[in-house]
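Student: Given next are the chains, with one letter for each unit.
There are 2 protein chains.
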Amino acid sequence: MEKALQGMKILDFTRVYSGPYCTMLLADLGADVIKVEAVGKGDDTRHFAPIKNGQSGYYLYLNRSKKSITLDLKSEQGKKIALELAKWADVIIENFSPGTMQRLKLDYEEIKKVNPEVVYASISGFGQTGPYRNKVAYDAVAQAMGGWTNLTGFPGQVPARVGPAISDAATGVHTAVAILAAVYYKQATGKGQYIDIAMMDTVFSMLENAVSIKTLLGESPQRIGNSNPSSAPYNMYQTKDSYIVIATANDGLFTKLIHVMGQPDLIKEERFATNPARKANQKALDDIIENWTKQYTNAEIEAWLDEARVPVASLKSIDQLVEDPQIEVRQMLIEQDCPNVGKVKFPGNPIKLSQTPPDTSTRAPMLGEHTEEILKNILSYNDETIKSLKQKNII
Amino acid sequence: MEKALQGMKILDFTRVYSGPYCTMLLADLGADVIKVEAVGKGDDTRHFAPIKNGQSGYYLYLNRSKKSITLDLKSEQGKKIALELAKWADVIIENFSPGTMQRLKLDYEEIKKVNPEVVYASISGFGQTGPYRNKVAYDAVAQAMGGWTNLTGFPGQVPARVGPAISDAATGVHTAVAILAAVYYKQATGKGQYIDIAMMDTVFSMLENAVSIKTLLGESPQRIGNSNPSSAPYNMYQTKDSYIVIATANDGLFTKLIHVMGQPDLIKEERFATNPARKANQKALDDIIENWTKQYTNAEIEAWLDEARVPVASLKSIDQLVEDPQIEVRQMLIEQDCPNVGKVKFPGNPIKLSQTPPDTSTRAPMLGEHTEEILKNILSYNDETIKSLKQKNII
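Read top to bottom, the protein sequences are chains A and B. Residues 1 to 395, numbered by the working numbering, are exactly what the first sequence covers, in order. Residues 1001 to 1395, numbered by the working numbering, are exactly what the second sequence covers, in order.
The following block holds chain A by itself, in its conformation from the complex (with noise of 0.2 Å):
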């Protein structure tokens, strides 16, 4: 099978999330992906939950794809090893805190030295400037700071934030636009560059219209649950068996969804006879839309909202999306046969391209699985160093 990206040679010093799902992403599409995991220790995403048998589902699920090598970059050899590496490779990703890679004096001043072409990429919380610039991030940090979690929940409550750590992958994957770009100047010219993404500039980059809101009008953007700042209705309300998501923006599916309800007179009212009337009456409206959604099942307005095509959701549990249709037909539950745990089931990758489909058929790597096998075919170390590096913990 052809593959997009092959070829295409990457380094990738990353840990836990937001690097490893940019990297993912790219080792599905065909690009070689080194990983440099710590000697003994490996990422710390090996050691998060879920564990079974030793591994870790956290760490098969974003690392496949990818190539596993045992550094001690703290040691002379080790960084002797990874600036061999460094010249090896097309791209280089980091997402230490900002400093580490001077410190380790693997950073792009330095690499530049050995690669001039190279493209190199920092991931970090809060970028490689600025007031914030040593700030600890972990993701609930990076959606506080940006934006997200003011703006998410009810008004008057508690705001939440989202729960899966949603601004790692959003980061990696805007990383992973900046890479291919800088490729495709490299390319062009011959040039390579750096490349600084902070999760914080992600976050807030994604806030919608937000930020238009208080510049353009002065008005400052509030929690407002599941509704809809001009609409109504557009909320979720509770079903018989769980809550469903309705969301109308105009007379046309309201008309639809009222004669659904059985209820075709209501736009006759003079409150809800318009959007902005119905959104002035909201609460009014909410209720009865609730008293006729709580008498039925999610599979059965769904269904019939679906027939009428008024958007409407089920809010899918993880139970039901590994279970669910659409998912499998979109290959986006795949599985991989995983040393002590057998066959298990992980995302797929969503980027769908017809002529070279991302490859999810290689599990993620042990730790330093490929150590021997890099140092041999791509560094041509022979058995004798590669024992001695072993015997002084340095891979």
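No wet-lab data here; the hints were simulated from the structure. Each statement offered as a hint is correct.
BS3-like mimics (lysine-lysine), calculated; alpha carbons at most 27 Å apart, straight line:
1) A/186 / B/1009
2) B/1186 / A/186
3) B/1191 / A/186
4) A/87 / A/105
5) B/1186 / A/67
6) B/1186 / A/87
7) B/1113 / B/1191
8) B/1240 / B/1256
9) A/113 / A/67
10) B/1052 / A/279
11) A/41 / B/1256
12) B/1009 / A/191
13) B/1080 / B/1376
14) B/1279 / A/52
15) B/1087 / A/186
16) A/87 / A/191
17) A/191 / B/1191
18) A/41 / B/1279
19) B/1191 / A/9
20) B/1186 / A/191
21) B/1041 / A/279
22) B/1041 / A/256
23) B/1390 / B/1009
24) A/186 / B/1067
25) B/1376 / B/1390
26) A/9 / B/1186
27) A/67 / A/41
According to the in silico footprint, chain B covers these stretches of chain A (three or more CB under 8 Å from chain B):
28) 181-191
29) 309-319
Positions of the beta carbon are idealized from the N, C-alpha and C atoms, including for glycine.
Chain A is fixed; fit chain B onto it per the hints.
Tutor: Just chain B, lined up with the frame of chain A:
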């Protein structure tokens, strides 16, 4: 200034958010983006809030760096112009409902006949295949169907979608990766291809470890508010003036925290001595911490904990973010001079490349602002033909 994607030609049929976010990222990086809009009406978001003096901040933010041509795609002459531009393009992108481009005879199969090497990307709610293909998708629908909403909010309470429409933005940036990977492949092989990106796929791929918790252990991930499934204290706490996020995941960080709190002996209590013990007694511990945080302002607590290098975050409001020193240093708030509204600030581009930084100097186009220029310069139409097309409302 040199730009990373200089020379890349993109014909953009997208509207609203997912597609426009994708092409904004690429246009800032130097791609030549021609946005096709409906005659007299344009992208729906030209009428989305915030509106001032007839200008929409929603549209202005997401369409900078692009050119606008108006075309009646249902007319034969409009279709002919679209096909001529499709010949010019390296990349075509659209986000209509599945089937619409087929009905317009502007789908990949048709375009391939005039431009066999084209990279053609479609974005939709659920993809071009599968049982949900024709389901109507709004961002709230995609967030719910892909699994985010059910995992966001508090146990036993109504779940919450993320305030801003981030499933659109996330889908847009994954599409940008797909496009750049396909262009890389095209440069290597001369072959174009079709890209099929779904919002539900994207949301599902950004669930961190939630899927593998189910598939590896058989457990069902649930909403846990702002807490952490395996660490404490790790939550959001009320302060004198707002809420604050404090996140510790090990004894070291906890020890630093309780020293700042002036209660260094807490770790000597058996119930708080280890991370598992703290998690088991989370409620009692969170109460102690909140009793402390309530006495101080966010500014005070954040300064103390930053100093101690304990992960801490204020929930930045939009009012705060537009004055934030980090956002300023990172050039994440750019200013543009726009017709009728003067100078307005918008979020900048988070893809920071050192050699070819994103160029955000060109404001979004007025409706059809570049129609004549494009017809003359790219398609060599003469004044008379353009006049006649205008009279017939084809442009």
